[in-house]
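S.K.: Chains A and B are the protein sequences, given in the same order.
Heads up: the first sequence runs through residues -1 to 430, numbered per the numbering used here.
Heads up: the second sequence runs through residues -1 to 430, numbered per the numbering used here.
Everything labelled a hint here was simulated from the structure, so no lab data went into it.
Just so we're clear, the structure is a prediction, and the values are computed from it rather than from any experiment.
Among the hints, a few may not be true.
Identical copies go unnamed one by one, so any copy, or any two together, can satisfy a pair.
Unchecked claim - The calculated lysine to any residue pairs, modelled on SDA-like cross-linking and capped at a C-alpha distance of 25 Å, are:
1) 383 - 116
2) 383 - 347
3) 383 - 35
There are 2 protein chains.
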Amino acid sequence: MAHVTATPASSGTGAVWPRAAIIAVGSELLGTSRLDTNSLLITERLNALGIEVAYKSVVGDDRAQLTSAVRFALDTVGLVICCGGLGPTDDDLTRAVVAGVLSLPLVEDESITERIRELFASRRMEMPAINRRQAMVPAGARVLDNPRGTAPGLWIEDGDRAVLLLPGPPRELTPMLAAAAEDLLRERSPDRSMVTRVVRITGRTESHTEEAVQPLYAEWARADVPVSPTILASLGQIELHLTAQAASTDRAAAAAEAAAAQVVEVLGPDVYSVDGRPLEQVVGERLAERRWRIALAESCTGGLLTSRLTDVPGSSRYVETAVVAYANSAKVSLLGVPQALLDEHGAVSEPVAIAMADGVRTSAGADIGVGVTGIAGPDGGSAHKPVGTVAIAVAFPGSSCSRMFRFIGGREQVKFQASQAALDMVRRQLAR
Amino acid sequence: MAHVTATPASSGTGAVWPRAAIIAVGSELLGTSRLDTNSLLITERLNALGIEVAYKSVVGDDRAQLTSAVRFALDTVGLVICCGGLGPTDDDLTRAVVAGVLSLPLVEDESITERIRELFASRRMEMPAINRRQAMVPAGARVLDNPRGTAPGLWIEDGDRAVLLLPGPPRELTPMLAAAAEDLLRERSPDRSMVTRVVRITGRTESHTEEAVQPLYAEWARADVPVSPTILASLGQIELHLTAQAASTDRAAAAAEAAAAQVVEVLGPDVYSVDGRPLEQVVGERLAERRWRIALAESCTGGLLTSRLTDVPGSSRYVETAVVAYANSAKVSLLGVPQALLDEHGAVSEPVAIAMADGVRTSAGADIGVGVTGIAGPDGGSAHKPVGTVAIAVAFPGSSCSRMFRFIGGREQVKFQASQAALDMVRRQLAR
């Protein structure tokens, strides 16, 4: 997540776009449950090119409203990026509305029809007739390939202004946006660059992080290349975003990197990555370096810990096996936890977590074993061991460590924080 | 997810506001990491009063941009809600900009100054001079008390239009919004209510869903209580949101429910819930009803399937155990898959998926076993079995079913779609 992108001087022909507007299209984004998150991805790309976001808006699948939003945007900034509303259905209006505002006719692009037909054929299906709508494009638009879906993107230049239409689903939008940033957007981007470094932190609260880091803020604000920090905290995870702005990408990148190094100096091993890598990837890389294999015994995390580790490409090299054992009987039969230990300490205890970690390590023939046992809630808590109580152990050849935690939040938050704490214990052990 | 809210008749004086716009103010909301979430709280309140959100926008602390955003909003809708930018510092511009757009002078409200002074005094501090800015209000504005901070809210009526200014921090905004909704907003809210039902669907593409459902759209649009549909699709999951608007909540709820029933009639068992419940919960409820316990053998899903099932509170009643076995040797030793089967058919094959499902069911003593084996990518694919190829089997006492899938997308998408398909196979079997 260190965006290091060379920004050439603008080409000289045509105006540069110092500012852009983002319009997210879709009635579902105007309800009570969904937020437009694409604008964050788009902002990241624009900022990397030195383009500021002047404002962003969310509009429903409503022709009149979308029309006035597009018109207002084109009156305000040089570059307008719309996402969503490119699907094949009646309420997908973006193509038609943008064509209308720019007074361009819609024409069928046969190559798009053909590509969509092939996409359906590859899944052994016939193209539904309505998908033909996706081939109707404003005359003169440049068609942007969508390798991950049927909706192509579109790029329309109109004098000094340009409109980029992207599909709504993030996995379709992301590669198309990356390609457009390298090519179309770069062409007239301003002669400056912003670089952001994402520092990720565990084992502290937001306020303790802020307290430790704050003395650096004034120094960063005064520097030749100023760096602005933003702290983002959620349960089990803290991120510090460091954004530097300079005339050249190299200078901005160097300033952001230097600021990240200062944070590492202050926070020490609580920082697990300075380039946005998630914890499961950091742990995976350390396991791979050592050629160690890991086995997992999960109770309250219910498979989440293993699922996070296996989200990382290539994780089959180091994830040996995992057992999810909710019931005490399963802890005994599958993991070899002695019944006496369960009777004496209870299932949620450090001795049981250690026995789980040892048991799965031995039976799988792995190098490291992890045991997690706790109360994810909402039921099952007691005065002595309330919901959120979790015991975690990591077993190595000839040694083990264990710790009790008390997490807050609902069931999914407890699961996540427990998986995060387990990964972090493995990480710190591997760093020794 | 059925929003059922009583809406009284409007008072009859003055125009009603069928639609509102929300403007979130703050440069930090235009960066790469923070989203405006206040608009969700505001939308919930507005919808409960039958007021639709026409659009929403996010604007930085920029006088020109904020001015044109407020002007545009007042030209578009009767009710404009701004949040943020009410603090005491130079970059808090909302009060001044709104006063400017409405051509109202800013005047000091002594009672606000006094209240802020008291607030500081209660913390044994003197009021900093800049806080006096917060007492400057557009002439004629009604001041809304902020029990949790220094920034008062403001309510400004201008003929048939009204502007509500709320502070940015959610804990300050929430009580002020609740009070305003009960009083100021209700007064001229339309005499109607909106109810949304979320229908969830598997086993079809978006286009095939739309094609099947589309004949209903015209009927819904023409009905006494019109219902408007929105389709939301992501890999492995389709949602149809049905929103009905009527004079009474009962009528709106009945229309939304009737529309959902029509969708079920058309799509049959491809619909798994009409109230937004996720698939893992539907499957869990069916297992609990039958008092059946499930055991899982996961390869390419790497624990995700079990993690989703265990996200549901109370799932320990029916999730017996799970084994994540990546390596062939683990499939043989932990799940009892015959080596000969692996040699003959390969690890990603229906016979191996069946053997995994059978093996885990038998060893766990569960009622149902599930086996998932596939290639999540990005490596490991071949011409014959490309990345995304997944075999899934469900074993019952005395019978089993299995199926090959070919999913698209990256590693995490393949994992998710495979877990979704496995849950769906279990659901369909349990429905027999």
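S.K.: Compare the structure with each hint and give your call.
M.R.: Hint by hint, here is what the structure shows:
Taking CA atoms no more than 25 Å apart as the test, residue 383 paired with residue 116 passes between copies only; the shortest distance there is 20 Å, against 58 Å inside one copy. For a Cα distance limit of 25 Å, the shortest separation of residue 383 from residue 347 inside one copy, 10 Å, qualifies, whereas the shortest one across copies, 45 Å, does not. Taking the shortest alpha-carbon separations for residue 383 and residue 35, neither the intra-copy value of 38 Å nor the inter-copy value of 34 Å comes in at or below 25 Å.
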